[in-house]
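Undergrad: Protein sequences, first through last, are from chains A and B.
Residues 11 to 389 in my numbering are what the first sequence lists, from first letter to last.
Residues 37 to 329 in my numbering are what the second sequence lists, from first letter to last.
Hints are not guaranteed to be accurate.
Taking lysine-lysine and the DSS-like style, the derived pairs with C-alpha atoms no more than 30 Å apart in a straight line are [as the list claims (entries may be wrong)]:
{"id": "1", "chain 1": "A", "residue 1": "K61", "chain 2": "B", "residue 2": "K154"}
{"id": "2", "chain 1": "A", "residue 1": "K69", "chain 2": "B", "residue 2": "K96"}
{"id": "3", "chain 1": "A", "residue 1": "K265", "chain 2": "B", "residue 2": "K154"}
{"id": "4", "chain 1": "A", "residue 1": "K264", "chain 2": "B", "residue 2": "K204"}
{"id": "5", "chain 1": "A", "residue 1": "K372", "chain 2": "A", "residue 2": "K168"}
{"id": "6", "chain 1": "A", "residue 1": "K91", "chain 2": "B", "residue 2": "K154"}
{"id": "7", "chain 1": "B", "residue 1": "K96", "chain 2": "A", "residue 2": "K139"}
{"id": "8", "chain 1": "A", "residue 1": "K264", "chain 2": "B", "residue 2": "K194"}
{"id": "9", "chain 1": "B", "residue 1": "K204", "chain 2": "A", "residue 2": "K211"}
{"id": "10", "chain 1": "A", "residue 1": "K312", "chain 2": "B", "residue 2": "K194"}
{"id": "11", "chain 1": "B", "residue 1": "K96", "chain 2": "A", "residue 2": "K265"}
{"id": "12", "chain 1": "B", "residue 1": "K96", "chain 2": "A", "residue 2": "K312"}
{"id": "13", "chain 1": "B", "residue 1": "K154", "chain 2": "A", "residue 2": "K381"}
{"id": "14", "chain 1": "A", "residue 1": "K265", "chain 2": "A", "residue 2": "K292"}
{"id": "15", "chain 1": "B", "residue 1": "K204", "chain 2": "A", "residue 2": "K305"}
{"id": "16", "chain 1": "A", "residue 1": "K77", "chain 2": "A", "residue 2": "K104"}
Honestly, the hints are just simulated from the structure, not real lab data.
Chain by chain, the residues run as shown.
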Amino acid sequence: MNSRIVSFLFAVLTMLLSTNVFAAAPIKIGALFAVTGPAAFLGEPERNTAKMVVDEINKAGGVRGRKLELVAYDTAGDATKAVQLATKLIKDDKVVAIIGPSTTGETMAVIPVAEKEQVPLISCSAGSKITDPVKKWVFKTAQNDALAVGRIFEYLQKHKQTNVAILTVSDGFGASGREQLKAQAAKYGIRIVSDDTYGPKDTDMTAQLTKIRGSNAQAIICWGTNPGPAVVAKNARQLGVKTPLFMSHGVSSKKFIDLAGDAAEGVKLPSGKVLVSDLLPKSESQKKALVSFVKDYQNHYKAEGDHFGGHAWDAVMLLKNAIERGADTPSSIRNQLEKTRNFFGIGGTFNYSAQDHAGLGKDAFVLVEIKNRDWVIVK
Amino acid sequence: MQFDQILQYVLSGLSTGAIYALIGIGFSIIYNATGIINFAQGEFVMLGGLLTLTCLDLLKLPIWAAIPCAVAVSTLAGLLFERLAIRPLRQPTPINLVIITIGGSILIRGLAMLIWGKDTHAIPSFSGDDPIAIGGATMLPQHLWIFAITVVIIVINKFYFYHTISGKAMRACAYNRRAAGLVGIDVRRMVLFSFMISSAMGAVAGIIVAPLTMTAYDVGVMLGLKGFCAAIIGGMSSGMATVVGGLLLGVLESLGAGLISSGYKDAIAFIILLLILFIRPQGLFGKADSERV
Numbered sequence: 011m012n013s014r015i016v017s018f019l020f021a022v023l024t025m026l027l028s029t030n031v032f033a034a035a036p037i038k039i040g041a042l043f044a045v046t047g048p049a050a051f052l053g054e055p056e057r058n059t060a061k062m063v064v065d066e067i068n069k070a071g072g073v074r075g076r077k078l079e080l081v082a083y084d085t086a087g088d089a090t091k092a093v094q095l096a097t098k099l100i101k102d103d104k105v106v107a108i109i110g111p112s113t114t115g116e117t118m119a120v121i122p123v124a125e126k127e128q129v130p131l132i133s134c135s136a137g138s139k140i141t142d143p144v145k146k147w148v149f150k151t152a153q154n155d156a157l158a159v160g161r162i163f164e165y166l167q168k169h170k171q172t173n174v175a176i177l178t179v180s181d182g183f184g185a186s187g188r189e190q191l192k193a194q195a196a197k198y199g200i201r202i203v204s205d206d207t208y209g210p211k212d213t214d215m216t217a218q219l220t221k222i223r224g225s226n227a228q229a230i231i232c233w234g235t236n237p238g239p240a241v242v243a244k245n246a247r248q249l250g251v252k253t254p255l256f257m258s259h260g261v262s263s264k265k266f267i268d269l270a271g272d273a274a275e276g277v278k279l280p281s282g283k284v285l286v287s288d289l290l291p292k293s294e295s296q297k298k299a300l301v302s303f304v305k306d307y308q309n310h311y312k313a314e315g316d317h318f319g320g321h322a323w324d325a326v327m328l329l330k331n332a333i334e335r336g337a338d339t340p341s342s343i344r345n346q347l348e349k350t351r352n353f354f355g356i357g358g359t360f361n362y363s364a365q366d367h368a369g370l371g372k373d374a375f376v377l378v379e380i381k382n383r384d385w386v387i388v389k
Numbered sequence: 037m038q039f040d041q042i043l044q045y046v047l048s049g050l051s052t053g054a055i056y057a058l059i060g061i062g063f064s065i066i067y068n069a070t071g072i073i074n075f076a077q078g079e080f081v082m083l084g085g086l087l088t089l090t091c092l093d094l095l096k097l098p099i100w101a102a103i104p105c106a107v108a109v110s111t112l113a114g115l116l117f118e119r120l121a122i123r124p125l126r127q128p129t130p131i132n133l134v135i136i137t138i139g140g141s142i143l144i145r146g147l148a149m150l151i152w153g154k155d156t157h158a159i160p161s162f163s164g165d166d167p168i169a170i171g172g173a174t175m176l177p178q179h180l181w182i183f184a185i186t187v188v189i190i191v192i193n194k195f196y197f198y199h200t201i202s203g204k205a206m207r208a209c210a211y212n213r214r215a216a217g218l219v220g221i222d223v224r225r226m227v228l229f230s231f232m233i234s235s236a237m238g239a240v241a242g243i244i245v246a247p248l249t250m251t252a253y254d255v256g257v258m259l260g261l262k263g264f265c266a267a268i269i270g271g272m273s274s275g276m277a278t279v280v281g282g283l284l285l286g287v288l289e290s291l292g293a294g295l296i297s298s299g300y301k302d303a304i305a306f307i308i309l310l311l312i313l314f315i316r317p318q319g320l321f322g323k324a325d326s327e328r329v
C-alpha cells in the first residue's frame with residue numbers, strides 16, 4: 011500500500027469517527043442585537059455576552075449532548091431591519107428561538123413576525139408593553155420601569171417624603187418613566203408637586219431646578235440616561251439644593267459617577283444587582299449567577315459586565331434550561347419557557363407563567379446610594 | 037424667593053448665552069468673508085472639548101497646556117476643511133457650499149465617533165466646583181471663566197478687525213469681494229483665515245463649556261444651531277450685535293424654561309429664529325443695510 015492510500019483511508023476514518031461523535035446536529039438559536047447605531051450601548055454587551063455564554067455551554071459539552079449554534083445579526087437599532095432579519099432567521103437559518111432585539115421599538119416590530127411564524131422570542135428590551143398584554147410567543151428578560159419606580163416610592167413612603175418633584179428627559183425612556191411615576195404615585199400616597207422635563211441634549215438644567223427649589227418638594231426624582239442626569243446632579247450642587255436626589259436605573263453605571271464627580275455623592279437610585287454583585291450577602295440566591303457573569307465578562311472582554319449583557323445572559327440561560335428539560339422545537343421550547351420557576355438570573359428571579367411573560371418581581375432592583383465614588387446598598 | 041429665582045434664571049441664561057455668542061460670532065465671520073453659512077461650526081465646538089480631553093488623559097498635559105493644544109489642532113482642522121472641502125469646489129455657488137459644510141459636519145462627527153466612541157466624557161473644571169453665591173443665586177467658578185474668556189475673545193476680535201491690516205482686509209472682503217480683489221487683497225487667503233479664526237473660536241467655546249455640560253461626539257449639533265440663532269438675531273454681524281443676540285437667547289431660554297415650561301426650552305429658541313427671519317431678516321439691531329463686521 012502506498013502512502014497516498016494510507017492517508018486517504020486515515021482521512022476517511024477520521025471523518026467517519028468525527029461524524030459519529032457529533033451525530034446530533036447543533037441547535038440553532040437566533041439573535042438580533044443593535045450592535046451599531048444609537049442603541050449600540052445595549053447591543054454590544056448583549057452580543058458579546060450571548061456569544062460568551064454559548065461558547066461556554068458548548069465547551070462544557072453542550073446541552074443534552076447537542077451543541078448550541080448562535081446566529082447573531084446586527085439590526086443597527088432599526089425596526090425595519092430587525093423585522094427583515096427576524097424573517098431571515100426563521101426562514102433561512104431555521105432557528106428554534108430568537109433572542110433580542112435590544113430596543114422596545116424593534117421588539118414591538120418583530121412581535122407580529124414571531125407570533126405568525128410561531129417561534130419563541132426572548133426580548134432584551136425593557137418596555138412593559140412587550141409582555142402586557144401577554145403574547146403567546148413573546149417573553150422578556152429586562153426589568154420593567156414600573157419595578158424601579160416602585161422601589162423608589164417604597165423608600166420615600168417609608169421615610170415620609172411624600173411631596174415629590176419629578177424631572178424627566180423628553181425621550182422614550184423619560185416619557186415611560188414619567189408615565190409610571192405619575193401612575194403609581196397615588197398607590198404609595200405620594201404627591202407630585204412639580205413636573206418638569208428637559209431635552210436629551212440639554213446642557214443646563216438650573217432653570218428647572220431653581221423652580222423645584224422654589225416648590226415644597228421633599229425629594230427630586232430625575233429620570234434619564236447619561237449625560238442629562240449628571241448635569242442635573244452638578245446643577246443641583248451648584249444651586250445648593252439640599253433636597254435628596256433620586257435617579258433612575260438608566261444611570262446605574264460607573265459612567266454616571268465619572269461624569270457627575272463629587273456631585274454624585276448621596277444620590278440614590280434603583281439598580282439591577284449586577285452593579286453591586288460583590289456587596290450582596292452570601293444568602294442572596296442570585297449571587298452565584300451574578301458573580302460568575304461579572305467574572306466571565308471581565309476575562310473575555312476586559313470590561314465590567316453590565317445589566318445589558320445580563321439581559322442576554324438571562325435569555326441564553328433560560329433557553330438552555332428549556333432545552334435541558336427536553337425541548338428542541340420552537341413550540342416545546344415555548345412551553346418549557348413558560349414553566350420556568352425560580353430561575354436565579356442576572357436581572358432577578360424569573361418565574362414565568364401563562365399570565366406573566368416578564369417574570370420578575372420587585373426584588374429585581376435594589377436601592378443603592380453613591381458614597382465615596384462607589385455604590386452602597388441602602389437598607 | 038421670586039426675585040432670587042429670576043436672578044438665578046438670568047445668571048444661568050447669561051452663561052449659556054455667552055457660549056451661544058462665541059459660536060454665533062464664528063458663524064458670522066465665515067459668512068462675512070465668504071457669504072456662506074458654515075454648518076460645520078458646531079463640530080469645531082465638539083472638537084475643542086474632545087481634543088482637550090485627549091490632551092489631558094492621553095498626553096497627560098496640564099490643563100493650561102491642553103487648552104492651547106486643543107485649540108491649535110481644531111484650527112488645523114478648520115484649515116484642512118477649507119483647503120480640502122471648500123476651496124477645490126468648481127462652482128462655488130452658496131447652495132453648493134452650504135451643502136458641503138453640512139456634509140463636512142457629518143463626516144467630522146462620524147470621525148469623532150470612531151475616535152472617541154459614543155460615550156459622554158467629563159472634563160475637570162478650571163478652578164474647582166465650589167459654588168459662589170450672588171444675592172440669592174449661585175454660580176460656579178467655571179461661569180466666571182466663561183464670561184472672562186468670552187470678553188477677552190470679543191476684545192481681541194474687535195482689535196483684529198479694526199486695527200490690523202489683515203483684519204481690515206477681511207472687512208473689505210465682507211463689503212465687496214470683487215473690489216477687495218481689485219485693490220490687491222488675496223480673497224482666498226482671507227477665506228482661509230476666516231475658517232481658521234472661527235474654528236479656533238468654536239473650539240474655545242467648546243472647551244470652556246465642557247466642564248459644565250460634558251462633551252460627546254454629537255454635542256456640536258444643538259450648540260451649533262443655537263449659535264446660528266444667536267448670529268441671526270445679531271444680523272450676522274461679527275460684533276456686539278451677535279453677542280447681545282446670544283445673551284438674549286440664553287436668558288429667554290432660561291426664563292422660558294423656569295417660568296413657562298421646561299418642555300418648550302428649545303422651541304423658544306427656534307420660534308425666535310423664525311420670527312426674526314420673517315420680521316427682521318437684517319437682525320434685531322440692524323438697519324436695512326447693516327455694517328457686516
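Undergrad: Against the 30 Å threshold, does the CA-CA distance of A:K264 and B:K194 hold or violate the hint?
TA: 45 Å, violated
Undergrad: If you draw a straight line from the CA of A:K61 to the CA of B:K154, is it 30 Å or shorter?
TA: 23 Å, holds
Undergrad: For A:K77 and A:K104, compute the direct alpha-carbon distance and say whether it is at most 30 Å.
TA: 15 Å, holds
Undergrad: Does A:K168 lie within 30 Å of A:K372 when you go C-alpha to C-alpha?
TA: Judged against 30 Å, a Cα distance of about 16 Å means the pair holds.
Undergrad: Would you check the hint for B:K96 and A:K139, treating anything up to 30 Å between C-alpha atoms as holding?
TA: 48 Å, violated
Undergrad: Does the structure keep B:K96 and A:K312 at a Cα separation of 30 Å or less?
TA: 23 Å, holds
Undergrad: Between A:K69 and B:K96, does the CA-CA distance stay at or below 30 Å?
TA: Since the Cα atoms of A:K69 and B:K96 sit roughly 43 Å apart, the hinted pair is violated (cutoff 30 Å).
Undergrad: Check whether the Cα positions of B:K96 and A:K265 lie no farther apart than 30 Å.
TA: 21 Å, holds
Undergrad: Has the given pair, A:K265 with B:K154, been kept, meaning a C-alpha gap of at most 30 Å?
TA: 12 Å, holds
Undergrad: Does A:K312 pair with B:K194 here, judged by a C-alpha cut-off of 30 Å?
TA: 52 Å, violated
Undergrad: Run the distance test for A:K91 versus B:K154: straight-line Cα separation, threshold 30 Å.
TA: This hinted pair holds, its Cα atoms lying about 22 Å apart.
Undergrad: Quick one, are A:K265 and A:K292 close enough, alpha carbons at most 30 Å?
TA: OK: A:K265 and A:K292 at ~27 Å, within 30 Å.
This entry does not satisfy hints 2, 4, 7, 8, 9, 10 and 15, going by the numbered hints stated previously.
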